[in-house]
Amino acid sequence: MEMTGAQILLECLKREGVEVVFGFPGGAVIDIYHELPNSPIKHILVRHEQGAIHAADGYARASGSVGVCLVTSGPGATNTVTGIATAYMDSIPVVILTGQVPTKLIGNDAFQEVDIVGITRPCTKHNYLVKDVRDLAHVVRQAFYLARSGRPGPVLVDLPKDVMQAKTAFKYPEDVSMRSYNPTYKPHIGQVRKVAQLIKKAERPLIYSGGGVISSKGHEELTWLARKLSIPVTSTLMGLGAFPGDDPLWLGMLGMHGTYTANMAVSNADLVLAVGARFDDRVTGKVSTFAPKATLVHIDIDPTSIQKNVSVHVPLVSDCKLALAALKKDLEQAAEELDWAAKHKAWIKQVKAWNKEHPLTYKEGTGISPQYVVETIGELTKGKAIITTEVGQNQMWAAQFLKITKPNTFLSSGGLGTMGYGFPAAIGAQMAFPGALVIDIAGDGSIQMNIQELATAVCHNLPVKIVILNNGYLGMVRQWQELFYQKNYCETCMEAQPDFVKLAEAYGAAGFRVTEKKDVAPVLKKAFKLKQTVIVDVRVEREANVYPMIPAGASLTEMLLV
Amino acid sequence: MRHILSVTVENEPGVLSRVAGLFSGRGFNIESLNVGPTLDPGVSHMTITTEGDELIIEQIIKQLRKLVMVIKVVDLTTLKAVQREMVLIKVSAEDSKRAEILRIVDIFRCKVVDVSVDELTIEITGDQEKISALISLLTRFGIKETARSGTVSLRRAMQLSS
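As you go down the protein sequences, you meet chains E and G in turn.
Numbers in our numbering are just positions in the first sequence, counted from 1, shifted up by 31.
Numbers in our numbering are just positions in the second sequence, counted from 1, shifted up by 457.
Calculated directly from the structure, the hints in this document are not laboratory data.
Given the structure is predicted, the values throughout are model-derived calculations rather than measurements.
From the three backbone atoms N, C-alpha and C, an ideal C-beta is built for every residue, glycine too.
Any given hint could be a false lead.
Simulated crosslink set (DSS-like; lysine-lysine; CA at most 27 Å straight-line) [claimed, not checked]:
1) E/Lys198 - E/Lys217
2) E/Lys217 - G/Lys547
3) E/Lys317 - E/Lys383
4) E/Lys339 - G/Lys529
5) G/Lys547 - E/Lys339
6) E/Lys259 - E/Lys324
7) E/Lys437 - E/Lys259
8) E/Lys248 - G/Lys587
9) E/Lys339 - E/Lys217
10) E/Lys259 - E/Lys45
11) E/Lys217 - G/Lys523
12) E/Lys217 - E/Lys232
13) E/Lys374 - E/Lys359
14) G/Lys587 - E/Lys217
15) E/Lys413 - E/Lys259
16) E/Lys339 - G/Lys519
17) E/Lys359 - E/Lys434
18) E/Lys394 - E/Lys324
19) E/Lys248 - G/Lys519
20) E/Lys162 - G/Lys523
21) E/Lys360 - E/Lys217
22) G/Lys547 - E/Lys317
23) E/Lys202 - E/Lys415
24) E/Lys562 - E/Lys533
25) E/Lys259 - E/Lys225
26) E/Lys198 - E/Lys162
27) E/Lys518 - E/Lys394
28) G/Lys519 - E/Lys225
29) E/Lys232 - E/Lys259
30) E/Lys415 - E/Lys562
31) G/Lys547 - G/Lys587
32) E/Lys324 - E/Lys232
33) E/Lys387 - E/Lys413
Not everything, but these chain E residues come out facing chain G in the computed CB check (under 8 Å) [unchecked claim]:
34) Pro153
35) His157
36) Leu177
Could you build the full structure based on these sequences and the hints that come with them?
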């Protein structure tokens, strides 16, 4: 039976298991929208295409499946670029469907034409321009396969209008085979043995886990390894939740705003097991002094991550879950035979001593401490909520003061640091889990970058909660200005703030303002119970800072403490 | 150190810009890049000469392999390989200098491919050393223009150890 390109596209999405698409229509994709009502796929109309891509990304991070966004050509497509780069930096599987002008107009500077394939080449895992309707099913199948396999990432498919209108016989390609794309999943067994030997020999071992553990669903294996062999765990921002944040072996995040304990542990460990992490500069600080006493093992599915920033002693290219499972198998017997807690007793004692010396803490001022708000959110939700964050101080406080206990429950723009990410991502997460409590921890600066999505949330009755830690500043930059730029607060004071409560109400959401500490818990509690979109505008101390902090380019041991 | 990479890629639109964009986007250096089809119409072959320390070259090779359209990357520097580049050199050649230039052309076994009253255009094919030698010998006559193909290279069938 002959089908149009638009029909084929929707049929392919259905067969890929897509349930929801975040999008915004336009001339170039009108044929697809014309067919949408005949498809079981649910469409969420956003108010800006950046909202669509972040929502698809949040959906993917929360659910672990591919997120999809659909936008028109030209400005629709370019509006997604920030979100594509965000997903690319954090290895999130997203398929971006962009409309394109008819093939005969391509290259003619036609209305709403842009070379989106060219623009997104450096920030997608791969991208396609479909020039013939007969290639369409095959390309869409490949796009999903690429997005979710190997090291996941965003894949863009550009769809000219005439290709969506053209007809051909539909045949769904059952298999995908690409001679030029063969990710390595299974670990080299000799290397696994070597790592196991190193673990057995180590006296001060440390696990440094990253987002790869979450995307490979390797958290159980990781937890087994740490608990059975009594190895302390630290992680990157992206890795939060892979290891329970309430476990005694948990040290907190490492790096620029990591805990004293984690940074001291890295600096004194004799074995660092990096799993699905990429030695980002926010993590390593000064590279030459990173983990100076340790043998470095690096497990990653992407060979380019290995030896990129830091020279490692034992590389292991593999899917993180499979590598951890292989290590588990190798060490199972040793785990039973040896008292590992006793073996690492001195090391654990040292780690605990560091924690006692400089625990994660903050100074209580006269006003509401932002850290207190985050702690209260943690206490009220008890690890049962899905938390998204914006970017800046709010993000770091959330990472520091929440106990993230499960993977896929802390969604934050790590690599790119995209302000405006958290709220649309929360919309995506809420679509994936309609019954869950989804909270966006925001700053007053970040939330204004995609505030228009309030309409999306309200329209679809998504009970997302936005908690604004409102200090009237672009807080993180202000903090840098305070510490390193002689308090020259140039253009970081957010004057002319909107009234966030009235703003929420104007969109049909609920709004609360909190100005006193005693009201924080009760108002949050009330907000979390409401079955509608809510903004809680918490007026926090204006000049609270994120500590510990390592100045850019300094070593992990050179921390500024509270 | 200078490395010659042999890169086999899918012959699809945009593949050159993916490869070139990888180099420019990550701050790697391209000395020359040569692309042409192979006997298989679905496959193209690139020869890329680049420079960097071992860690950079390792990254370049890994990053190239990561591109979805790249089928194979071989570092020919570590192998015995045949290297050739073709250069067209337009050189000033007044009557008094012409005989000497032609003698050099003869010694280098290259060809004169165009002649005018006071210019000669010479075609030379060879490895880098040979080409550099010819260029330095011709410089004193006044080189007006050159066009270079960039290196093309194939591994030798017999990898005899030296």
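Do the hints match the structure? See the list:
no.: 1; hint: E/Lys198 - E/Lys217; verdict: 42 Å, violated
no.: 2; hint: E/Lys217 - G/Lys547; verdict: 56 Å, violated
no.: 3; hint: E/Lys317 - E/Lys383; verdict: 25 Å, holds
no.: 4; hint: E/Lys339 - G/Lys529; verdict: 21 Å, holds
no.: 5; hint: G/Lys547 - E/Lys339; verdict: 44 Å, violated
no.: 6; hint: E/Lys259 - E/Lys324; verdict: 24 Å, holds
no.: 7; hint: E/Lys437 - E/Lys259; verdict: 19 Å, holds
no.: 8; hint: E/Lys248 - G/Lys587; verdict: 57 Å, violated
no.: 9; hint: E/Lys339 - E/Lys217; verdict: 21 Å, holds
no.: 10; hint: E/Lys259 - E/Lys45; verdict: 43 Å, violated
no.: 11; hint: E/Lys217 - G/Lys523; verdict: 17 Å, holds
no.: 12; hint: E/Lys217 - E/Lys232; verdict: 24 Å, holds
no.: 13; hint: E/Lys374 - E/Lys359; verdict: 18 Å, holds
no.: 14; hint: G/Lys587 - E/Lys217; verdict: 47 Å, violated
no.: 15; hint: E/Lys413 - E/Lys259; verdict: 25 Å, holds
no.: 16; hint: E/Lys339 - G/Lys519; verdict: 10 Å, holds
no.: 17; hint: E/Lys359 - E/Lys434; verdict: 26 Å, holds
no.: 18; hint: E/Lys394 - E/Lys324; verdict: 33 Å, violated
no.: 19; hint: E/Lys248 - G/Lys519; verdict: 25 Å, holds
no.: 20; hint: E/Lys162 - G/Lys523; verdict: 25 Å, holds
no.: 21; hint: E/Lys360 - E/Lys217; verdict: 14 Å, holds
no.: 22; hint: G/Lys547 - E/Lys317; verdict: 52 Å, violated
no.: 23; hint: E/Lys202 - E/Lys415; verdict: 43 Å, violated
no.: 24; hint: E/Lys562 - E/Lys533; verdict: 19 Å, holds
no.: 25; hint: E/Lys259 - E/Lys225; verdict: 19 Å, holds
no.: 26; hint: E/Lys198 - E/Lys162; verdict: 13 Å, holds
no.: 27; hint: E/Lys518 - E/Lys394; verdict: 20 Å, holds
no.: 28; hint: G/Lys519 - E/Lys225; verdict: 23 Å, holds
no.: 29; hint: E/Lys232 - E/Lys259; verdict: 15 Å, holds
no.: 30; hint: E/Lys415 - E/Lys562; verdict: 16 Å, holds
no.: 31; hint: G/Lys547 - G/Lys587; verdict: 17 Å, holds
no.: 32; hint: E/Lys324 - E/Lys232; verdict: 14 Å, holds
no.: 33; hint: E/Lys387 - E/Lys413; verdict: 24 Å, holds
no.: 34; hint: Pro153; verdict: 5 Å, holds
no.: 35; hint: His157; verdict: 4 Å, holds
no.: 36; hint: Leu177; verdict: 7 Å, holds
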